[in-house]
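One line per chain: the protein sequences are A and B, in this order. Whatever position you read off the first sequence (first residue = 1), add 89 for this note's numbering. Whatever position you read off the second sequence (first residue = 1), add 1328 for this note's numbering.
Treat the hints as calculated values from the structure; they're not laboratory data. The beta-carbon is built from N, C-alpha and C at its ideal position, and this holds for glycine as well. Honestly, I wouldn't trust all of these hints.
Label-pair distances were calculated between CB atoms; the ranges are [to be verified]:
{"#": "1", "chain 1": "A", "residue 1": "M199", "chain 2": "B", "residue 2": "E1376", "range": "46 to 56 angstroms"}
{"#": "2", "chain 1": "A", "residue 1": "I114", "chain 2": "B", "residue 2": "E1514", "range": "32 to 42 angstroms"}
{"#": "3", "chain 1": "A", "residue 1": "Q252", "chain 2": "B", "residue 2": "S1371", "range": "33 to 43 angstroms"}
Below are the DSS-like pairs computed for lysine-lysine, each with C-alpha atoms no more than 25 angstroms apart in a straight line [unchecked claim]:
{"#": "4", "chain 1": "B", "residue 1": "K1444", "chain 2": "B", "residue 2": "K1409"}
{"#": "5", "chain 1": "A", "residue 1": "K214", "chain 2": "B", "residue 2": "K1497"}
{"#": "6", "chain 1": "B", "residue 1": "K1412", "chain 2": "A", "residue 2": "K186"}
{"#": "7", "chain 1": "B", "residue 1": "K1435", "chain 2": "A", "residue 2": "K214"}
{"#": "8", "chain 1": "B", "residue 1": "K1409", "chain 2": "B", "residue 2": "K1435"}
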Amino acid sequence: MEKIVIGRKNFKEHKVYTPKQKALIGICLFTFFLFLYFTELGRNIMLLMFVICISFGYIKSLDANVYHPNITIEIDEATLEYINKTNRQSFCLEITKIANVRLNYIRRYMGMRPVVDLSLEFLMKDDSLYLLSTRGILSQKGDYLKAIEFLERQGIQIYDPYQLRSILDRDSYDFQGALLNRLWQGELK
Amino acid sequence: MINFVFKSSQEIESLICHHFKEITVNEKVDKDSIFILEVNDVSDLDVELERDYDLVVVIDNGNLIFDILELRPSVILRESKLEKDLVLLEELLLDKKKHVQRIIEFKSGHLTVRLKIETIMYIESFGHYLEIHTSNGRFMVRDKLMSVLNRLEGFDFRQIHKSFIVNEKYIRSISSKNCILENNIELPVGRAFK
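Starting from the given sequences, assemble the full structure and let the hints guide the process.
Written out as structure tokens, the structure is:
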């Protein structure tokens, strides 16, 4: 049975630093700052602050590398399942009961920065509507395109009013960038 | 008397007026009226989202279906099968008399679900979350069982357990210990809910 998985399960695990290793890095940095404080360099307070900021940024990036939102969409011939383990949300739809799917987008702001996410809208044969923002799903290249083509093969009609299909062959980061470009170029509202 | 306001062809207006004898036709939309809108292209979709009247959309094809659904219409009628679909309008009129809404919306994080209440089979509660089982599948939202039960007032739902609400339409058999649904799912019946 063919199965398409969009999201974390396709990703390789990043190297994880254990708390002990992070503590060791912290101790080394602290010793380094202490050393700097008693040297000529330490008297230049601006430079010291800069070094501290860079070091803290580095420690934080160790966590950022291993952060996974843990959200997946799994599609097979019987069901379409969305599982969000971070926020404990999920839904499971029977493929045979889906009438149409629309590719849409959702604009939001992350601080001052605009971000655009893909939104999948499932219209069921009994007129029920499921709107899903793909925010947080780390997709690989072509995952969404494969899923859309799979749904089409199951006889589901795809609506694409904003021609998003042409950029669906990218991974989640490239896709967001392409959507944002379109937004700036005025192709999207 | 229910007030109808038409923005459609004369043909549709006369068919609906002929079918429903007890309605009045006005030009201005007010609270509790039903606005019949014929949609042929995107420019027809100029309707306010925050409104206190019911919107009924008449379409001749499904091309704009998602744009129409964004307007949250109470009923969608197909122009080609209008006479058959008038049953839906009859149901809406009955609901208006009973002051009930047939469509319920759940929002939770990245997910929004809008569905007809009669498609809900049963609802299960897990701590702060509810798993809602419908005829199409299931979904999980963060909500309270009692608040959903209040929203479902006027429909045939009953609580059979501290963690379960069931739609009576889907019950095949019920005893003091368990409740069996049409799709052979067995749910427990709580002592306090016998």
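We went through each hint and held it up to the structure:
Between A/M199 and B/E1376 the Cβ separation comes to about 30 angstroms, which falls outside the hinted range of 46 to 56 angstroms. The hinted window of 32 to 42 angstroms between A/I114 and B/E1514 is violated, with their beta carbons roughly 55 angstroms apart. Under the hint 33 to 43 angstroms, the C-beta atoms of A/Q252 and B/S1371, about 21 angstroms apart, miss the expected range. For the hint pairing B/K1444 with B/K1409, the CA-to-CA distance comes to about 21 angstroms; that is within 25 angstroms, so the pair holds.
A distance of roughly 20 angstroms separates the Cα atoms of A/K214 and B/K1497; the hinted pair therefore holds under the 25 angstroms criterion. The hinted pair formed by B/K1412 and A/K186 meets the criterion: a straight-line CA distance of about 22 angstroms does not exceed 25 angstroms. Straight-line distance between C-alpha atoms of B/K1435 and A/K214 comes to about 21 angstroms, which keeps the hinted pair within the 25 angstroms bound. About 33 angstroms separates the Cα atoms of B/K1409 and B/K1435, which puts this hinted pair outside 25 angstroms; it is violated.
Of the numbered hints listed earlier, those contradicted by the structure are 1, 2, 3, 8.
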